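Student: Those sequence lines, one after another, are chains A and B. Going by the working numbering, the first residue of the first sequence is number 1, and it counts up by one from there. Going by the working numbering, the first residue of the second sequence is number 1, and it counts up by one from there.
Worth flagging that the hints you see were computed from the coordinates, not collected in a lab. Do not take every clue at face value.
Heads up, the list lumps identical chains together, so a pair's fine if it works in one copy or across two of them.
[Stated by the list, open to error] Subject to a maximum C-alpha distance of 20 Å in a straight line, what follows is the list of computed DMTMM-like cross-link-like pairs (lysine to aspartate or glutamate):
no., residue 1, residue 2
1, LYS465, GLU418
2, LYS136, ASP260
3, LYS407, ASP155
4, LYS488, GLU467
5, LYS494, ASP12
6, LYS462, GLU475
7, LYS96, ASP141
8, LYS494, GLU24
9, LYS136, ASP279
10, LYS2, ASP301
11, LYS225, ASP119
12, LYS96, GLU142
13, LYS416, ASP481
14, LYS225, ASP155
15, LYS417, GLU294
16, LYS416, GLU68
17, LYS76, ASP464
Just so it is clear, the structure is predicted and the values come from calculations on it, not from any experiment.
The residues making up each chain are set out below.
2 protein chains.
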Amino acid sequence: MKKLTLKVKPLDMETGRNIVVLHEDDAEELGHFAGDRVTLATPKITIVAIANATRRMVQQGELGTFVEVTEALGLKLGDEVTVSLAPRPQSVAAIKKKMTGQQLSSEEIGAIIRDIVADNLTTTEMTAFVVAEYIKGMGTDEIVALTRHMVDTGDTLELDVKPVLDVHSIGGVPGNKYALIVVPIVAAAGLTVPKTSSRAITSGAGTADVMEVLANVTLSLDEIKKIVTRVGAVLAWGGAVRLAPADDIIIRTERMLGVDPRCQLLASVMSKKLAVGADHILIDIPTGPGSKVEQIEEARDLARDFIELGHRLGVQVESAVTYGGQPVGYAVGPALEAKEALETLRGNGPGSLVEKATSLAGIMLELGGAAAPGLGRQTAMEILSSGKACQKMCEIIEAQGGDPKIKPEDIYIGEKKETLTAPQSGYVTHIYNQRINDIARAAGAPRDKGAGLRILMKEGRKVDKGEPCLEIYAEHETKLDEAIAIAKRYPPVKIEGMLLEKMSSRPRIW
Amino acid sequence: MKKLTLKVKPLDMETGRNIVVLHEDDAEELGHFAGDRVTLATPKITIVAIANATRRMVQQGELGTFVEVTEALGLKLGDEVTVSLAPRPQSVAAIKKKMTGQQLSSEEIGAIIRDIVADNLTTTEMTAFVVAEYIKGMGTDEIVALTRHMVDTGDTLELDVKPVLDVHSIGGVPGNKYALIVVPIVAAAGLTVPKTSSRAITSGAGTADVMEVLANVTLSLDEIKKIVTRVGAVLAWGGAVRLAPADDIIIRTERMLGVDPRCQLLASVMSKKLAVGADHILIDIPTGPGSKVEQIEEARDLARDFIELGHRLGVQVESAVTYGGQPVGYAVGPALEAKEALETLRGNGPGSLVEKATSLAGIMLELGGAAAPGLGRQTAMEILSSGKACQKMCEIIEAQGGDPKIKPEDIYIGEKKETLTAPQSGYVTHIYNQRINDIARAAGAPRDKGAGLRILMKEGRKVDKGEPCLEIYAEHETKLDEAIAIAKRYPPVKIEGMLLEKMSSRPRIW
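Required output: the full structure, derived from the provided sequences and hints.
Tutor: Structure follows, in structure tokens:
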């Protein structure tokens with residue numbers, strides 16, 4: 001193994017991982033290619049770093065060390081470091097094996113996941129893994145191992161109760177604030193629901209963004225445990241805790257490529273749920289045009305995969321295929337959705353939201369043994385109507401440091417407002433999910449909590465020309481203008497006459 | 001499309017491409033993910049850059065600009081730049097199409113290759129392309145398009161003669177200095193051979209490294225054209241000219257993954273040859289244990305693919321499958337190989353090298369019409385024996401700025417030398433190509449021109465215990481020691497008794 005002794009030139013920049021820069025001639029002498037790993041040794045410490053070759057930043061004989069490496073090795077200008085090529089991690093052989101379509105053993109998957117979490121893979125290797133997963137897929141044994149290793153390489157929530165319920169929506173539908181209704185209903189029945197959720201990525205608000213309007217969602221694992229033990233539930237931001245952290249890293253690569261390998265989706269959802277100790281899990285699969293899963297057959301397939309995977313992982317999974325072809329409820333955006341959720345808990349919610357929330361909560365009540373089979377939905381409805389769910393939500397809000405007495409009308413909504421009206425009479429034949437998201441985001445959501453929109457009519461409604469159909473809210477005038485421009489250019493509500501096509505009985509005369 | 005106006009914070013570092021750094025909150029507001037592209041606009045200029053999100057190097061509202069971006073936009077501290085998400089290049093859709101196994105059109109492949117050459121793809125996208133090529137492969141139509149677009153996106157050598165001959169060895173065998181014999185033989189017959197070649201990557205010397213001992217190989221396209229026009233041939237380093245530059249970029253990713261997609265190998269070789277205007281091409285496929293292609297069937301497949309591809313590209317290709325199970329000739333390392341090549345041209349070369357070189361030259365003479373079918377080898381042998389090839393080599397060396405009067409004994413060989421002897425009597429049953437390369441590189445090759453080794457016996461030779469079997473040469477004592485240590489630990493020459501296995505006729509008695 002070739003070794004070079006190079007003189008340290010500290011580079012005053014943090015890169016987020018161990019990176020060094022070599023002169024191209026030195027790199028060539030080592031037999032090095034850009035992005036390879038090198039072993040860096042001082043008399044006391046040895047570490048591995050990613051090395052880039054350049055002709056610019058360092059001279060031959062010099063080693064440019066970014067802040068992380070400079071600190072890890074305690075280096076200063078002119079110190080000597082022995083540099084040699086580091087072998088590829090063993091997990092790279094497993095990634096190549098998956099590229100050739102072979103099944104990976106649990107050990108091989110474990111090696112990959114551990115190296116991902118330890119930041120031992122280069123961008124190239126990480127991408128190769130995701131592309132191989134996407135093209136070659138994984139069998140159930142592999143997905144089971146993938147899920148387990150993703151859980152094992154992160155923190156876990158250890159609760160002293162059984163059962164532990166959880167619910168996850170695979171997303172893709174705007175205004176999906178269901179969790180703020182479902183979680184308090186289920187907890188009000190005495191069940192335990194440690195719900196973690198994400199912030200919005202491409203939508204106007206994620207569950208964590210909405211809950212943050214009412215309480216603190218950035219909680220440590222200890223805080224989550226204390227809150228769940230006291231009030232039976234939490235609505236926390238998953239990004240604040242290290243639950244299955246490999247998932248978050250893998251998802252970054254998936255997003256850059258715009259792919260979502262089925263095996264990774266399954267393992268991703270299940271690992272987050274297992275990490276909080278859930279043993280009874282409901283998976284909501286919104287389905288319909290413009291949602292993540294467009295076809296009902298595909299949704300059913302996915303539902304079956306989740307159930308099978310749960311079985312193999314020793315937890316009970318049920319799946320609900322829900323209608324995701326248009327927004328749930330009317331409100332989109334953190335504050336507007338929080339307001340709608342509070343209204344719903346106070347018995348004044350939109351039909352679609354009440355129906356979805358009580359249906360999902362009903363399944364969970366049956367799963368957790370708090371309702372007899374077939375009676376879940378009815379029990380959920382009773383808990384909601386009785387005000388017990390609302391009371392539980394107040395407890396959750398208080399436990400998370402919010403104001404338990406908050407009323408819907410207390411919630412600050414952006415003061416810049418515009419109402420868009422129907423350009424013609426007819427029927428609402430479609431609402432475009434993606435356009436709704438784009439408008440809400442242009443208005444400032446989810447960063448501006450008060451920004452977003454309210455849809456005033458849903459699919460099937462008759463509408464007269466000039467009737468209001470959309471309200472846009474923003475905190476800043478310029479963002480309101482931007483949102484209006486997008487709404488006018490790409491109308492989110494499709495209005496058509498009932499007579500979609502006119503057939504003439506008179507023959508044409510040429 | 002969301003836009004942010006950020007204040008410039010120049011970062012004093014060159015990165016080799018357009019890269020900026022955003023604060024994570026700004027990136028989130030843009031809807032940005034690490035490695036995404038952003039459009040940067042000043043009142044005068046708009047460019048696209050790769051953007052990384054961080055919480056460390058810049059504050060919210062700041063845009064960290066590395067040297068390339070700072071210069072391209074003419075920025076200084078505090079200037080304002082409008083930042084928005086840039087769309088993915090269209091070629092990314094084509095890459096995703098290949099990931100799903102679909103055939104790409106010539107337009108789609110052209111978009112990918114143009115974006116590779118223009119440095120428009122992120123590392124993630126580039127990797128996805130190579131992995132998709134590797135897993136899904138390409139049909140002949142696609143490889144034809146790939147080759148053509150790789151040629152079109154680079155410089156080309158335009159010669160006014162026909163035919164233009166060329167030869168390429170797909171490599172993997174040490175000591176393969178055949179080109180220094182073949183090219184002058186073919187040129188001595190009046191044919192045109194604009195030979196470009198590479199430097200060593202994992203071996204002790206590439207053809208360019210060997211030729212550099214005798215003459216300058218870093219030539220511009222103009223210089224190559226002048227030399228070829230004058231003496232009929234050149235032996236230049238391909239890395240100094242922009243022939244099919246996409247290939248060089250793609251190969252970097254292939255090496256990082258340790259994969260060599262068949263379609264890319266084919267297009268890579270053919271594009272380099274087409275770029276110099278070759279219309280009659282010989283492909284040498286060394287085959288045997290420890291070479292790139294280990295099985296003869298695989299070599300034949302590859303040979304057929306090259307011939308078919310040539311046919312589709314309108315050039316005549318012949319393939320030669322040669323024995324690559326042990327080094328060609330005895331010498332490995334730039335100076336040692338140059339010396340052996342000169343000796344061979346002067347009629348004093350090792351049998352294996354003479355045989356390989358005259359066989360390949362013979363095929364080329366027939367291809368170019370300078371020898372009747374079936375008489376190529378004999379003609380090549382006559383040209384070599386007559387001294388005409390040697391004379392032509394002197395002309396080439398002189399044209400490339402070297403000393404045409406150089407004699408084998410003038411070549412400087414490293415003065416630190418060690419001779420290793422046979423540890424036992426027996427027969428040489430195998431020589432390990434990879435170990436030979438490792439020892440030569442440890443001794444300093446190809447960087448130290450005088451470093452390398454000479455094998456003193458080839459496969460099949462009878463050897464007595466204590467008889468010299470390997471000479472290692474180095475320019476530096478420490479490197480010699482390193483090479484010796486490797487040779488002792490991993491003996492490159494396998495010596496066994498003639499009786500490989502003893503069968504007993506006496507039945508065992510339990």
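Student: I'd like to know which numbered hints this structure contradicts. Please list them from smallest to largest.
Tutor: Going through the list in order, the structure violates hints 3, 5, 6, 8, 9, 10, 11, 15, 16, 17 and respects the others.
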